[in-house]
Amino acid sequence: MIPKTPWLPTPWLSLLLWVLWLLLNSSIAWGHILLGGILAVVIPLLTHPFWDRQPDLHKPLKLAGYILKVLWDIVVANFHVAYLILSRRPLRQAFVKIPLCLTQEYPITILASTISLTPGTVSTEVAPDKTYILVHALDVADEAALIAEIKARYEAPLQEIFPC
Amino acid sequence: MHFEVHLPFWLEALVAFFLLLGAVFAFIGSIGLARLPDFYSRLHAPTKATTLGVGGMLIASMLHFSYAQGSLSVHEILVAIFLLISAPITAYMLSKVALHHQSPSVQNTQGQDLPQQLQQEWHRERIKSKTDKPKLPG
Numbered sequence: 001m002i003p004k005t006p007w008l009p010t011p012w013l014s015l016l017l018w019v020l021w022l023l024l025n026s027s028i029a030w031g032h033i034l035l036g037g038i039l040a041v042v043i044p045l046l047t048h049p050f051w052d053r054q055p056d057l058h059k060p061l062k063l064a065g066y067i068l069k070v071l072w073d074i075v076v077a078n079f080h081v082a083y084l085i086l087s088r089r090p091l092r093q094a095f096v097k098i099p100l101c102l103t104q105e106y107p108i109t110i111l112a113s114t115i116s117l118t119p120g121t122v123s124t125e126v127a128p129d130k131t132y133i134l135v136h137a138l139d140v141a142d143e144a145a146l147i148a149e150i151k152a153r154y155e156a157p158l159q160e161i162f163p164c
Numbered sequence: 001m002h003f004e005v006h007l008p009f010w011l012e013a014l015v016a017f018f019l020l021l022g023a024v025f026a027f028i029g030s031i032g033l034a035r036l037p038d039f040y041s042r043l044h045a046p047t048k049a050t051t052l053g054v055g056g057m058l059i060a061s062m063l064h065f066s067y068a069q070g071s072l073s074v075h076e077i078l079v080a081i082f083l084l085i086s087a088p089i090t091a092y093m094l095s096k097v098a099l100h101h102q103s104p105s106v107q108n109t110q111g112q113d114l115p116q117q118l119q120q121e122w123h124r125e126r127i128k129s130k131t132d133k134p135k136l137p138g
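Protein chains in written order, with this note's numbering: chain P, 1 to 164; chain L, 1 to 138.
Please keep in mind that the hints were generated in silico from the structure rather than gathered at the bench.
Small disclaimer: the values here were computed from a predicted structure and weren't measured.
Take the hints with a grain of salt, since some may be wrong.
[Said to hold, decoys possible] Listed next, the in silico SDA-like pairs over lysine to any residue satisfying Cα-Cα at most 20 Å (straight line):
hint, chain 1, residue 1, chain 2, residue 2
1, P, K97, L, K96
2, P, K59, P, L158
3, P, K69, L, I77
4, L, K130, P, A127
5, P, K69, L, S86
6, L, K96, L, W122
7, P, K130, L, D113
8, L, K128, P, A127
9, P, K97, L, S103
10, P, K97, L, W122
11, P, K97, L, K128
12, L, K96, P, P128
13, P, K130, L, R126
14, P, K130, L, Q116
15, L, K96, P, A127
16, P, K97, L, Q116
17, P, K97, L, Q117
18, L, K96, P, Y106
19, P, K97, L, Q110
20, L, K128, P, Y106
21, P, K130, L, M93
22, P, K130, L, K128
23, L, K96, P, I161
24, P, K97, P, D142
25, P, K151, P, R89
26, P, K97, L, I77
27, P, K97, L, V106
28, P, K130, L, V97
29, L, K96, P, P99
30, L, K96, P, V96
31, P, K130, L, R124
32, P, K130, L, I127
33, L, K96, L, Q117
34, P, K130, L, I77
35, L, K96, P, I98
With the rest of the complex left out, here is chain L (with noise of 0.2 Å):
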């Protein structure tokens, strides 16, 4: 496999928009993670600006190699399958752990008694589960 091919002028600015518009999403995710107030609002920035940061490379990443292969390229479509499943369930994991960690959310949230009252929901319901276990069969 070699990579210094010669593309077309408009092949190539193709691909350098892509990849710059990649590295300004990106650039905006990490922004967003050091400016938003609390736990949960940063949460946003990585589940969402990152993926259209991280599209962006691949769309251009399969323009280059289509191109200088011949032939479509397709891994880019499994790191996006990839990606798009476990982005939104990392971000549940954390959000689940802020949430029966409590913590603290910005002054002005609205419904901001209600992770505290979903937190105690489970808690209830733990403690109903371990009263009332069902029998092991056998």
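Just chain P, with the same shape it has in the complex (with noise of 0.2 Å):
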């Protein structure tokens, strides 16, 4: 875990500030571990007045993990689309509700996300009351199963990551 202080409000939105930079300007140079430093400081402090209120990340590593796990079903859920857009078989598409454990806006956004770039579904809203989400699927055969599938391999890992 990194602490919040005063001055780094979101230490984790300074992390990703810094990396950033480095990345942007693909050199680990002094000058610029220095200068990527101070932006990630000042930033998030004239900014976060902005935001809404981060949730606590705790299991950083699962994250990782997640992050991982997401790539490679992107990649799944290219070869199942393209299948599904060049097979000449007719789609039995679907709009369905999946029903959400999860409360907060910033693992809801993360899930939602996840459902869109992953196999044959894209979400396209959020319940006012935040219950479910309304995801339009491209081809099912089990709704239940599917279902079951975004609670189990997105939602459940995503619950562990941010605990209400």
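Join the two chains, each given in its own frame, into one complex according to the hints.
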């Protein structure tokens, strides 16, 4: 865990900005390390009043594992959608309600983005009371199986990473 | 920076492979845009088929320039990160607009009444928040 301090209100954002700065310059010269560090402190300080409260990140390693899993699923999704586009059989499209256990906005956003990037599903809109996401699926054989898979594969790890 | 570098054959082949892979997926994504039947299904093509399309080209670019410059080229990783963040958000915005404008979906779609239901839920929510607006402090 990176502790929050008065001059580092969003430590993870600062870390991200610093790494992005070094990547953008593709350099690890001392000058860039220092300049990136200054920007990583100043930008969050200036902008954090505009941001929603960020949830605590409890298991960073688990998040890394989650990202790798999603990256792999994106590759699979590409082949799957490519196959669906090229095969001439009719699609079984469906709107599906995915009930949500998550309550915070950031984890819901991550879940919705994951759904959009992975096999055959795009999230369209979240319910006003955040109880479900309406998902459009390109080709559904079994609705219940789809819901169960999304909940087990993506929502459960997110709940562990961002406990309420 | 000079770009005319002679790559060894195996690397050239690898770069060509990833370029072709990327091109094929970008092409399939475009076919999907043209061929899928309604707005919602057309959204699937640009959010997915094209991520691997651009991904393949980025890997090819990374291999080529890492060799040509003699150091690991990392700008492509940034392109990939920004793409993966922005693609689902774009798809979400588009589908949200489609939903609230009641864009028609094809006849045999299961759960066809769900978008309208959700739209009405949002409508009620907006009326509610208009009538009981919280008083501003001060």
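Against the structure, the hints come out as follows:
no.: 1; hint: P:K97 <-> L:K96; in the structure: 15 Å, holds
no.: 2; hint: P:K59 <-> P:L158; in the structure: 10 Å, holds
no.: 3; hint: P:K69 <-> L:I77; in the structure: 17 Å, holds
no.: 4; hint: L:K130 <-> P:A127; in the structure: 18 Å, holds
no.: 5; hint: P:K69 <-> L:S86; in the structure: 19 Å, holds
no.: 6; hint: L:K96 <-> L:W122; in the structure: 11 Å, holds
no.: 7; hint: P:K130 <-> L:D113; in the structure: 19 Å, holds
no.: 8; hint: L:K128 <-> P:A127; in the structure: 15 Å, holds
no.: 9; hint: P:K97 <-> L:S103; in the structure: 18 Å, holds
no.: 10; hint: P:K97 <-> L:W122; in the structure: 15 Å, holds
no.: 11; hint: P:K97 <-> L:K128; in the structure: 23 Å, violated
no.: 12; hint: L:K96 <-> P:P128; in the structure: 13 Å, holds
no.: 13; hint: P:K130 <-> L:R126; in the structure: 15 Å, holds
no.: 14; hint: P:K130 <-> L:Q116; in the structure: 17 Å, holds
no.: 15; hint: L:K96 <-> P:A127; in the structure: 11 Å, holds
no.: 16; hint: P:K97 <-> L:Q116; in the structure: 13 Å, holds
no.: 17; hint: P:K97 <-> L:Q117; in the structure: 11 Å, holds
no.: 18; hint: L:K96 <-> P:Y106; in the structure: 18 Å, holds
no.: 19; hint: P:K97 <-> L:Q110; in the structure: 11 Å, holds
no.: 20; hint: L:K128 <-> P:Y106; in the structure: 25 Å, violated
no.: 21; hint: P:K130 <-> L:M93; in the structure: 17 Å, holds
no.: 22; hint: P:K130 <-> L:K128; in the structure: 16 Å, holds
no.: 23; hint: L:K96 <-> P:I161; in the structure: 27 Å, violated
no.: 24; hint: P:K97 <-> P:D142; in the structure: 13 Å, holds
no.: 25; hint: P:K151 <-> P:R89; in the structure: 28 Å, violated
no.: 26; hint: P:K97 <-> L:I77; in the structure: 34 Å, violated
no.: 27; hint: P:K97 <-> L:V106; in the structure: 18 Å, holds
no.: 28; hint: P:K130 <-> L:V97; in the structure: 18 Å, holds
no.: 29; hint: L:K96 <-> P:P99; in the structure: 18 Å, holds
no.: 30; hint: L:K96 <-> P:V96; in the structure: 15 Å, holds
no.: 31; hint: P:K130 <-> L:R124; in the structure: 15 Å, holds
no.: 32; hint: P:K130 <-> L:I127; in the structure: 17 Å, holds
no.: 33; hint: L:K96 <-> L:Q117; in the structure: 14 Å, holds
no.: 34; hint: P:K130 <-> L:I77; in the structure: 33 Å, violated
no.: 35; hint: L:K96 <-> P:I98; in the structure: 16 Å, holds
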